[in-house]
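Given the coordinates of chain A, work out where chain B should sit on it, guided by the hints.
Just so you know, the sequences run in chain order A and B. Its first residue numbered 1, the first sequence is counted upward by one per residue in the numbering used here. Its first residue numbered 1001, the second sequence is counted upward by one per residue in the numbering used here.
Do not take every clue at face value.
Unchecked claim - Below, computed lysine-lysine pairings styled on PhoX-like, alpha-carbon distance capped at 25 Å: (1) A/290 x B/1135; (2) B/1494 x B/1393; (3) B/1515 x A/494; (4) A/393 x A/356.
As the list claims (entries may be wrong) - Cβ-Cβ distance ranges computed for the label pairs, FRET-style: (5) B/1516 x A/585: 28 to 36 Å; (6) B/1309 x A/390: 41 to 49 Å; (7) B/1075 x A/184: 25 to 33 Å; (8) B/1110 x A/537: 27 to 35 Å; (9) B/1422 x A/537: 41 to 49 Å.
Derived by calculation from the structure, the hints in this document are not laboratory data. In this text the structure is predicted, and so the values were computed from the model without any measurement. Yeah, the Cβ is synthetic: ideal placement off N, Cα and C, and Gly gets one too.
Read off the chains here:
Number of protein chains: 2
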Amino acid sequence: MTERSTPPDHKTRLADLRAELSGLELDGFIVPKVDEHQGEYVAARSERLAWLSGFSGSAGSAVVLTERAAIFVDGRYTLQVRDEVEVDLFEPRHLTNEPQTEWISDHLADGQRLGYDPWLHTPAQVARLQAACDKAGAELVAVDINPVDSVWPDQPAAPLAPVVAQPDEFAGQSSADKRRQIAATLSDQGAGALVISAPDSIAWLLNIRGSDVPFTPFALSFALLHGDASVDWFIDAGKPARGLSDHLGTDVRLHGPDRLGDHLDQLAKDGRAVHLNSAATPNWIYLRLKSTGATFVRGEDPCQLAKAQKNPVELAGMRAAHLRDGVALSRFLAWLADAAPGGQESEISIGDYLEKMRAENNLFQGLSFPTISGSGPNGAIVHYRVSEQTNRKLDQGSLLLVDSGGQYLDGTTDVTRTIAIGRPSDEMRDNFTRVLKGHIALATATFPTGTTGSQLDILARLPLWQAGLDYDHGTGHGVGAYLSVHEGPQRISKIPSTVALLPGMIISNEPGFYKTGAYGIRIENLVDVIPSDAGADTGRDMLAFETLTLAPIDRNVINIGMLSADEIAWVNAYHQRVRDQIGPLVDGETSEWLTEVTRALD
Amino acid sequence: MTERSTPPDHKTRLADLRAELSGLELDGFIVPKVDEHQGEYVAARSERLAWLSGFSGSAGSAVVLTERAAIFVDGRYTLQVRDEVEVDLFEPRHLTNEPQTEWISDHLADGQRLGYDPWLHTPAQVARLQAACDKAGAELVAVDINPVDSVWPDQPAAPLAPVVAQPDEFAGQSSADKRRQIAATLSDQGAGALVISAPDSIAWLLNIRGSDVPFTPFALSFALLHGDASVDWFIDAGKPARGLSDHLGTDVRLHGPDRLGDHLDQLAKDGRAVHLNSAATPNWIYLRLKSTGATFVRGEDPCQLAKAQKNPVELAGMRAAHLRDGVALSRFLAWLADAAPGGQESEISIGDYLEKMRAENNLFQGLSFPTISGSGPNGAIVHYRVSEQTNRKLDQGSLLLVDSGGQYLDGTTDVTRTIAIGRPSDEMRDNFTRVLKGHIALATATFPTGTTGSQLDILARLPLWQAGLDYDHGTGHGVGAYLSVHEGPQRISKIPSTVALLPGMIISNEPGFYKTGAYGIRIENLVDVIPSDAGADTGRDMLAFETLTLAPIDRNVINIGMLSADEIAWVNAYHQRVRDQIGPLVDGETSEWLTEVTRALD
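Next comes chain A alone, as it looks inside the complex:
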């Protein structure tokens, strides 16, 4: 970590905010990282926490009171926050060990008023904040205008990126079909309308794509789906590209974002129960509906589960995207094998080269997330993002961890490879092989319908556990089809889940091992859930995984003696698939290299 000077104006910004709060008769205000859609990546205008505090991490929250302020970050960012934020202004706290709600209860005085922006917090979050305020005898107050916006002179405007149709040739199911499908589930649950605040749900439901935020091709907007399968869509009139209304048809009615409130009022007046997700919808929407006497059906947004089950066209697109992505990766890995011994390449230069390989593809739309390129000790930082300050050269005898992905018109990819630069140590090889054994155990699992990701999680960990090792992140996350690289509701993790894996779901298989200050290992492929014929004779409906990602796994880091015959056979079959499918699509030099690195383990 290197020292960085704090921009000189955070003190001023904080003072400006406090003056604004004073004018609003507020004794405090909460500044979360998220936007109105609780999204992972947000538009520049929503980077209020970064503007106010200097903190650039992907998650966090600040609470500003009259005399003190605190910033809450998770374990990934406990070092970074002290590097980026002036701790005299914002006391750094650990998000889970020292919760924001506790700090609020401790530091708010009886009778004080704490403000929050009801667009940036869900009803579930507000309930927790309310309890914290109650404990202190304080009042929680929803503001009309975010006071950070009032004191941020050059705040960027809301994004107005064009919204385009995702044609049926990629979507595989018409929007009208999808709307009927979701409307039917609403009716089953006794709801007359669905509030949709997740932009990826809207992108899926309407078969549209946008580029309002980095890395995820959706448009920021809200929608109401009605029982008759029609949609009211609240989006700036400048966004839809020419011809989009033909694609949408007359059952999708466009309105300006400012009309949402009136439509919510009408729902309540019509006496229709509104389906709403208390853990995702902005509290503003909930409060508006409540104030007009609406009744609620609580539950997950049904688009999420429907979207997670890719249809055959989407699956074909994902396979095609992975083939193209595998070509880019193989060209990158072949180049790296040649370039690395020169000693001039760095985390940044190899990331750039990899992006260039992907960009040569005409369906490529951009990266699906910021590339994690971690050399040596930087590889042990699970959510590492290289900067000029931290950039490392690739040293001989080190491991390089590269976690990257692309957005293609027909699919989204996410792949991690760990590559030995020079000769890896025995310890590196042993631990890499344990990670590989876990990866294979998950990749080859057969399981009955109804099985959840939390049941399977241990398969990826057990070879590490047997040596007293583990990794402190989930084993797998859902992935969208030319949508978000992180999507639900399925996941593979230690955290108990009740969401069964279903055919067509895409999920990552990414066990790892991290030795702080030394190296990081992760092997990540995407897989899709497929029916298995294991139950053909027994009458049980069984499922299995098909691996989508196609890129060689570095043989130099495998300790073959630790693999069973079945595991060796899996590696060889996988490598043969990579060679057979990627080989014909790359240049002669890459093809030769590929043949060499995918030869059978011996």
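Just chain B, lined up with the frame of chain A:
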């Protein structure tokens, strides 16, 4: 299944109950199988469902309305209920597929009154019943006296079995210590008193044992633990054995069961928050507390988690009990090997012989549950209980499944062995070997502190899943130390759990496979959770299992070719342990047989 005549008087009993209900101005009444303690085994006086309907299963419930009645049973009993119950009187329904609450909503009319006994339902259950009645516009009414008791002329009296001390030499921790420990957790949770309705919690807390119900050595009673670690114990004065009050000391105050209400009123008057488990405490207690304005802290009974973590003395007792139980089992198995070929032995005769072997032990107190002795197709009935009507001889070429256990003063056992009678088929051997592979995978697992049983469950199932097979029961349940053979809060199951496995917990390892109409396979050992040194070098706290049960696994049903070298080594090491530990304790003939059946796999 054979036809049995319904006892002639169930029609009369039902008519008598309806007449009684009419006198109480009730239009219906619920008759569950459970007693006031929601227990698995109940006293004869509490067998109201059996008396009324004839149904003898271990779980179920009837709802009697004026014109119709239904009996709700789970999947284990859908056949048995039709055999035992006159379906003209009680329409059989599936407990989970056709829930009682739905039937109540459908068949109660607006304004009708449904009665229930508040001693036999928990607040959580009553909330569901209340919702069902609300839906129908009906009223749910708590009765003062159970109307079944009013019309059951020869209802047995409440049991008055003597209550004796469980000496510290077996308990390993004094009651005073335990009471202080639990009182401290109450104080942490802001509660001033704990309502204890689980008889096994009281047996553990006070270091006492009783014999009010079959199979489980506890006394039916209620208790209140106070913040000062003293206890008010509500139990019939005739139960405590001579000298018990010396054992209990002055901080445990005895009262008649009828005094409970007054003490609850006093708690509320004192303004002390009462810790209560809504899923276990009788609603009567909740209503009484609520009526006097008590405040509540909801949560699991903290005695359960403390009791589950056996102390070193209890673990030593469990090991000693398992050694003795292993002697009885080995003598039984040696005898069976000799007797079975004669063709005269039956499920009943072999169960009797096994009980006789256990009973020859002077610390033996009885069986820990009714022996499951299932020959051929009866082995495929997971909760099979042999009767004169279903009793089968042991056929050549069949499998015999024997699941049994004993209560000893120093421990409780529960073990299942599956034995080939004559020559098993290849299919039987393959499936037995898959069950064995799952059993070994679980027995040899190493896992970090914080791991739950639901994370481990898959280890026992995966070898079956790979062949499209599974078993429809949990993989492991907690077991008490000379207490209940089924205890919580830990379990190993597909059902998501948040209860981490902790050192000292005892749990069963019992994968199985069942082919309806053909055979059943189950291999069950008890294990305890122990610290593992796998994390000694890595700084992670790791845990593992130690197998307690000592009895040979039938080599004749193992397909050695399906086992890995590690699995073969496990079987050989386990058998060597059985031979070394049991061999010296049995007669020459049994010892010779043991040497033969525990020789290394070849």
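Each hint tested on the structure:
no.: 1; hint: A/290 x B/1135; in the structure: 24 Å, holds
no.: 2; hint: B/1494 x B/1393; in the structure: 35 Å, violated
no.: 3; hint: B/1515 x A/494; in the structure: 32 Å, violated
no.: 4; hint: A/393 x A/356; in the structure: 19 Å, holds
no.: 5; hint: B/1516 x A/585: 28 to 36 Å; in the structure: 51 Å, violated
no.: 6; hint: B/1309 x A/390: 41 to 49 Å; in the structure: 45 Å, holds
no.: 7; hint: B/1075 x A/184: 25 to 33 Å; in the structure: 30 Å, holds
no.: 8; hint: B/1110 x A/537: 27 to 35 Å; in the structure: 52 Å, violated
no.: 9; hint: B/1422 x A/537: 41 to 49 Å; in the structure: 25 Å, violated
The structure fails hints 2, 3, 5, 8, 9 (numbered hints given earlier, in ascending order).
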